[in-house]
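Starting from the known structure of chain W, fit chains U and L onto it as the hints suggest.
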Amino acid sequence: MTRLFINGMETEVPEGTSVLEAAQGLGVEIPTLCFHPGLSAYGACRLCVVEIGDLRSGPTRLVSACTYPVQEGLRVRTHSARLERARRMLIELLLSICPSSKRIQDLAAEYQVERVRFPVRDERCILCGLCVRMCAEQMMARAIGFAHRGYRRKVTTPFDLRSEVCRLCGGCLYVCPVCELRCQGPEAPDPVCGSCQAPTCLPAREGLPGAWGVTGNSSVQTKARRGR
Amino acid sequence: MKIRTGEQLLMLERELRMAHDHKPCVRVCGGTGCRARGSEDVLARFQELLERKELGGSIELKFTGCHGLCERGPLVSIAPSEIFYQSVEADDVAAIVEETLEHDRVIERLLASDPVTGTRVRREQELPFYRRQHRIVLRLNGVIDPTDIREYLAFGGYRALAKTLENLTPEEVIEIMERSGLRGRGGAGFPTGKKWRLARAAKGTTKYVVCNGDEGDPGAFMDRSLLEGNPHSVLEGMIIGAYAIGATRGIIYVREEYPLAVGTLQVALEQAREYGFLGKAIFGSPLSFDIEIVRGAGAFVAGEETALIAAVEGRVSEPRQRPPYPVERGVWGCPTVINNVETWANVPVIIERGPEWFASLGTATSKGTKIFSLVGKIRNTGLVEIPMGMTVRELVEEIGGGPPPSREIKAVQIGGPSGGCLPKDLFDLPIDYESLVEAGAMMGSGGLIVMDDRTCMVDVARYFMDFLRDESCGKCLPCREGTNRMYELLTRICEGRATESDLDLLEELAQVVKETSLCGLGQTASNPVLTTLRYFRPEYEAHVRERRCPAGVCKALIHYVIAADRCTGCLACVSPCPSQAITGQLKQPHVIDQSRCLKCGLCLEVCQFGAVEVV
Amino acid sequence: MQEIEAIIERYGAERRHAISILQDIQARFHYLPKDAVLHVAARLRIPLIDLYGLATFYNSFSLTPRGEHVIQVCLGTACHLKGGTRLVEALERELGIREGEVTLDGRFSFKAVRCLGACALAPLVVIDGRYQPKMTQRKLTQIVARLRRVREPAEAAR
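Chains as they are written, first to last, in numbering that gives the first Met the number 0: chain W, 0 to 227; chain U, 0 to 614; chain L, 0 to 157.
Keep in mind that the hints were calculated from the coordinates and are not lab data. Keep in mind the model is a prediction, meaning the values are calculated, not measured. Positions of the beta carbon are idealized from the N, C-alpha and C atoms, including for glycine. You may find that some hints are simply not true.
Said to hold, decoys possible - One side of the interface only, derived from the structure: several residues of chain U facing chain L at Cβ under 10 Å: (1) C69; (2) E214; (3) F220; (4) R294; (5) G295; (6) R314; (7) P416; (8) G446; (9) E470; (10) L601; (11) V605; (12) F608.
Stated by the list, open to error - Below 25 Å or equal to it, Euclidean Cα-Cα: the simulated PhoX-like pairs (lysine-lysine) are: (13) K554/U to K598/U; (14) K110/L to K133/L; (15) K22/U to K52/U; (16) K138/L to K554/U; (17) K554/U to K110/L; (18) K162/U to K193/U; (19) K153/W to K33/L; (20) K598/U to K133/L; (21) K598/U to K138/L; (22) K279/U to K1/U; (23) K153/W to K110/L; (24) K279/U to K202/U; (25) K133/L to K554/U; (26) K598/U to K110/L.
Extracted from the complex, chain W is given alone in its bound form:
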C-alpha cells in the first residue's frame, strides 16, 4: 500500500493506482476529457493536471493525474490558482477547435471561460484518442488510429480509405466526448448510420445518402472546414 497526501488529506491506496483514482477515491473531483475508466490512461488533454511536490523544498511541477502513479509520501494539490489558469487556457484552446461541442461548452461554463481569443476553427475532433483506444482495447479491431504528426495529426483509417477490419460497432461514436449526434437507429436512412458527423464516420466515405460525401484522400475534417 502506498501512502500519499492529496490537498493535505492523507490516503492509502494500492501500489500502481493513479493519482486520479486516488483522488476520486477521496471524493476529490479533477476535470478530465480524454480519460475513460474502461480504457488505458493516455494523458493527452492535460485537463487533469495536478501540482506535485512540496513547496517547501522547491517549485512544484504539473503532471497529468490520470497517468501519474502514486508514490510513497507524494504531496498533491488538485486545485490552485496556477492550475485554474492552466485549465482555463486549455479549455479556451479546446473551444477554439471545437466550439459546438456540448461537453466542452459545459467545461467552459464550469471554469468561467467566456472568451476565445484564438481564431475559431470549428472542427469535430480534439484528438483525445478515446475512439482509437476504444477500437483497439475494447473492440480489438484496430480499424482507426492516429496518422501524421503535430498540428497535422488526425484520427483516420489507413490511407483514409474504408477499413476492412471495421465492424461498424459504433464504439468510437459512443465514447467520443465531442460527438453530439448519436445514430438514429432504425429511423436512419441507412441501417448503419444516419447523420453523425464524427471524423471516424466510415459510411461517410461511401457517400451513402444522408451522410457526408468524401472523395479520394480528403478527410472529413477538411470537408467540414470547407463546408463552413
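Then chains U and L, alone, in the frame of chain W:
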C-alpha cells in the same frame, strides 16, 4: 586478432606508435563541411601525386574526421611540423607536395591569418580559434582516420576499457563517474554517475545502454562530428557503461540525416569486434556485450528519451510521462541508461585520467568541457570545445572571431528550439548549466547560433515555433495546439496585424504550454518566445505599435528601394526580377515598383554596388 | 514484391524492425508504395493502421513518389538566418509547386529539411544528394534551368 589483456593492448599500442612516429603525415579533413567543398578531390589528388612520386611509403596520408574550423575548409594539416593550411583546393595539392612535403617550404597564401595582427600563422595552435579551446573529447578529430581502429589504438584507445575490466569493480566505476561530476551533454545535464547508479540498482537481468545520436537541434553538429571523426571513443564509453550497470546490449540511435556517421560506426563496430572489444568475455572478463545501430526516421521528438525508446521498439516517437524513468523501465521494459554521444565520449577520458582531473576543469557545478557548434553570423563558423565556465563573450569574440564585416552581434541562441536567446549585455555570463537556466535559456546539446543586427528576434521566435509545431508529436493538447497558436500569433506580429493584447495572449499561452505539456519538447517550446519577449520586447512593440521591423527582415513591413546615388544603371537587376518590378535605362538609376515587388531579395543579391536598400 | 520480401528477410519479420524495413523500401523505391505497406503489415502481423501511422509520422517516409530530381533546402537555424526561406520561395516560383510537392511532369520535387548538420555551408541546398554550399537564388535558378534542359541528372548537377 583478439586482445585479451591490458598488456597485450599496450604492446600493440607501442608497436603501432613506432610504425607511425617520425613519419610525416598529411591529414585532410573529411568532415561533412569540408567534403562538400571538395576535400575528397583534395585527398584523391594527394593519393595520386604521392603514388606517382613514390612517396607513399615515407609519407602518410589520412582522411580524418571534422577538424573544427568549418568556415575555412577544406583543411589540411601536416604532422609533425604542425603546418595548418586552409581553403585548400585540388589544384593546390601539387604545390603542397613539392614545396612543403619535399622541400619544407611553407605556402603563405594557404596559411590562416591571425585576426588581430593580420600576419600569417603556421601552426594551428597560433590561431585564437584553436588556442582558446580545450580539446579533450575532440583531441583526435582531425588527427586520426576514423575508419581504422589501429589509429585509435596508437593514441591509447581502449586503455580505459582495459583498466576498467582488469582493475575496477562496477561499483568503483560508478563512483568514479560520480566523483567526476560529469553531467549529461544532451541538454538537461542530469548527473551521469547518478543515472548509472539508479540503473545498476534497478531490477532486471537484461539491461541496455543507449547512445542518443538523434541530434535534432538545427544548428548543432557536435555529435555528428564525434560519430564521424572518433567513433571508438563513443564505443569505448558505452562498453565501460555496460560493465558498470550490468548491461548486455547496446544501441546507438543515429538520425538518418547522418548516413556518413552510420557508415563510420558500422566499420568501427566490425573492427571493435575483430579485436575482441565487443562480443563475449571482453578482456577475459565476464562481460559479454555488443552494440547495434538503429537509424532514426526523421523526427526531432525522437531525441526525447521515452520517444527514442518508442522508436527503437518500432513505434511512433510519442513520449510518455515519467515515472517510470528509463533507468527503471526503458527499452522493452528493461532498465536502460540513455546518454548523449558526447557524454559517452567523455567516459574513457575520465577513467584514464581520473575523476579529480576532470573535476578540476569547469566550474563548481558544471565540470569538464563542452563542445559547441558555433554558427550563424560569426566569422569562424565551426566546432569548438571549451571548458565550462568560459563566458559567452570570450567564445563569440575570441574563438568565434566576432561578427562578419560591418555587422554587430545582437544575441546568441543557445540550446536550439528548447533554448533561449541571450542579448549581448548578458555576454559576460559563464557558460554552465545553472547560469543559462537562470537567464531563461538552456545549455542544450551545444548549438550556439550567433545573431546580428539584421536578425529580427520576432522572426526567430516564429521560426522556432514553426519548427516545433511541425515536430510536435501531436499527442498532448497544449503542445500540439499551443505551438500552432503561438506560431499564428507570431505570424500576425510579423505581418503587422497584431495588437498589444496579442502580446499578452502570447505570453499567457506560452506559460501554460510550458507548464502543462507532457514532455520536454512542449515544456521547453515556449523558451524562444519567453526569452525574446523578456530581452527584446522593444522589437515586438515596434512590430505591433509602429508596424515596423527594426532589423529589416519581416517582409510585410519592409520595402526594397534602390538608392539613386549608388545605382550605376547597369541593368543587372532588371531581368532577373521575378515580377518585373524594376524599370530603368542603361546608366539611369533604376526604380522598384513597390506594387509589383515580391520582396524576394534577388536584386539585393545581384547588385554589385550596394545600391539596393531595405527600409 | 520479391524485393520487399528480401528486405523483410534482411531484418526479420518482427514488429520492431518495421521502421528499418520501411526505410529500406523508401530508399529503394524513393517512396512507400501502398502495396508494399499492405504487404509489410501482413507479414509482420502489425495492424495496418499502426504501420500507416509510422509511415505518416516520420519525415523520411513519403507515400507519394518523388520527382526525378530531388532538391532539399535546409531550413536549420543557421540556414534560415542566411536566407534559406528566400531559397524556398525562389524554388516555389521557379518550379510552380509548393514545398513538399512534385511537379506535374514528375521531374522535380523539393522539400524543406531541418538541419543537415553542415551549418558552415549555410545556406545549404542538397540536389540529388550532392551538397551545394552557400547557395544563392541566382545559382539555384541556374541549376534548375540546367537540369530542365538536360535529361542526364547525374551530369547536370555537377
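Taking the hints in turn, this is what the structure says about them:
no.	hint	in the structure
1	C69	holds, 3 Å
2	E214	holds, 7 Å
3	F220	holds, 4 Å
4	R294	holds, 6 Å
5	G295	holds, 8 Å
6	R314	holds, 7 Å
7	P416	holds, 8 Å
8	G446	holds, 7 Å
9	E470	holds, 8 Å
10	L601	holds, 5 Å
11	V605	holds, 6 Å
12	F608	violated, 16 Å
13	K554/U to K598/U	holds, 7 Å
14	K110/L to K133/L	holds, 18 Å
15	K22/U to K52/U	holds, 16 Å
16	K138/L to K554/U	holds, 22 Å
17	K554/U to K110/L	holds, 22 Å
18	K162/U to K193/U	holds, 22 Å
19	K153/W to K33/L	holds, 19 Å
20	K598/U to K133/L	holds, 20 Å
21	K598/U to K138/L	holds, 18 Å
22	K279/U to K1/U	holds, 11 Å
23	K153/W to K110/L	holds, 22 Å
24	K279/U to K202/U	holds, 23 Å
25	K133/L to K554/U	holds, 22 Å
26	K598/U to K110/L	holds, 22 Å
Checked against the numbered hints given earlier, this structure breaks only hint 12.
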